[in-house]
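**Student:** Single-letter residue listing:
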Amino acid sequence: SPMQTSAVLGDRSNNQHQEVIEVQILPQDDGWGDNATALTGNTSVASGSMDDVSRLGGGDGGRGHLGWNFKCQRYLGSITAAVLAVLAVMTPVAMVLLPRMQIVPLRSEQLRCPAECEGLLITLTVKLVLLVLGSWAVFWRPTRATMPRIFFLRTLVLLLVFVTTFAYCLFYGVRVVEQQDQLDYKAIVTFALSLVDALLFVHYAAVLLLEIRQMPPRYYLHVIRSPDGISRGYPIGAISIQRAAVWLLDKYYTEFPIYNPFLERLPPRRSRSKLAHSSSFKFYDLDAQNNHGSLNPGNARGVLSTTSSSTTARRNNSSHNERFYEEHEYERRLKKRRARLVTSAEEAFTHIRRLQAEPGPAVPMDPYEAAQAIFPSMARPLQKYLRITRQQPRHTVESILQHLAICLSHDLSARAFVEKFLAASPVMQNDKEKCPIQTWSLVCDVLLSRGIEDGTVFQLRQGDVSLLCRISNLPHFNITEEIIEPKSNKFVLRLSSETSV
Amino acid sequence: MSTFFHQAGTAMECLSIPITLHKESVLDHEGREVHRCGFKIGGGIDQDFRKSPQNYSDNGIYVTEVQENSPAAKAGLRMNDKILQCNGYDLTMCTHKKAVDYIKKYPVLNMLVARKGVTHS
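Chains as they are written, first to last, in this note's numbering: chain R, -11 to 489; chain H, -7 to 113.
Treat the hints with care, as some may be off.
DSS-like mimics (lysine-lysine), calculated; alpha carbons at most 30 Å apart, straight line [said to hold, decoys possible]: (1) R:239 to R:408; (2) R:408 to R:372; (3) H:108 to R:478; (4) R:115 to R:59; (5) H:66 to H:32; (6) H:97 to R:478; (7) H:66 to R:478; (8) R:475 to H:89; (9) H:97 to H:32; (10) R:239 to R:475; (11) H:32 to H:108; (12) H:96 to H:43.
Please keep in mind that the hints were generated in silico from the structure rather than gathered at the bench. Here the structure is a predicted model, which is why all the values come from computation and not from measurement.
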């Protein structure tokens, strides 16, 4: 049975603690990427979303998850990472400053700093600045996701930083305590410099492990969205399953078309009766008539059929037909309404002119008022179009007016304005999806912190929507060289009308 | 002149050269035994004579190439000859493929051939 590592946080507090402790260790800088202080809109694998609540029809899932447990899990990892990074950066500075501040009692000859020592100090400063800059550039960013299992590589890097700093501190302490007399300042500075070098290399390793390792594509990820069957494929590098899920969700929100649950069943045609009776196969249900005990001609709708299986076969045939014709009709009506919408929008837009362009008696209006002025003339076709595509819940009048105001103030054409309603993708276009936290649950047979392999299957679920992902290897390409002689590029005219006998 | 400007299907009266060609047996590139005549034909009522590089003037079957030391050369066939008849088959009113079939059918060809400058003045 698949291990369902869903986002319910409450009952995993023990694990959380353990996880949190492991995740505490963090890379070398104050700017570790998952530092939480500058967070903006995030996606998270384990938090509640308002949208979810409405879809689940009232579970308390959403509210409960946004409690302290979740906040803890979300921020604690980053904060400890940041703390460790700051400590690591401060250590060499402290090592160099402590003797100067007489906390470590050294004689003044020992504290002399000749030219090479000064050079070393400058190098130390420069390297520290580079380290901080590099970490800020690569790692200082809001957490994209809160993941259920430990982020193995990050933990490794943090461990490395911790061990390095700790070892150096230990040696420093031992040396300073035991051999105070034989120390000289240059040795201390060299020592601090070597720590900074080590940290720089750890930073390099961190960048490689966390950013670069997953970049070259090794696998092919195929995603299928469940209720409507939309699918996509992406190349993906070597990462763990949970990170693959986060990566995939990024792609999902920016590339998949909006899922409209109301479009599951096509809107019924008004005149269904024509089609229902147009099938030439009418059928009796013999069993029902047996139950009723008498052959009632009123119930009979046609030709006798011998077995019930053949009736179902014929019923299926006509339901295929129905589906086909329904879809055809629907497409036709959709196109008609779309044409009407576009024409009425274009007409409406011709009523508005910029102030400079239209001199004469005119009341200057700001974009919102202009929007309100021209909206009524296209309100009706717009409403009918939204109704046929079942999009009304997604667009309120207020949001439409705002959108229209923006289009007018930027001189967009009518078609650009209408694009928002015609093009139902990507998912992020849906204003209702733009909430700061989205919860998805991840289902997989394999431990989530393992890397993806050929044949890995995992599923992401949120309410009605589920994304099934399958991984397969990208093939190894064997490129062979084929040499074509330039001399063999000669041509002879061969008329097909001649035959050799 | 009407020999070489013949409208396929109309009646024609002309002089012709009788040529008897005995095919030779050779092995083709796959090793099978075939009868080879050693010439190439072009034309036919399904072809467009206006596009022929040799500027033929009607839709008859013409000899476009005769290979050296071939049975065709030995039999006296020359380039740009028009084959009127082959083993009794009328080649003035047949398609290219049909003509090829007729020629390939028998090992000995009795042909009636028209040649410019020889069979008409």
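**Student:** Checking against the hints above, which ones are violated?
**Tutor:** 3, 4, 6, 7, 8, 10
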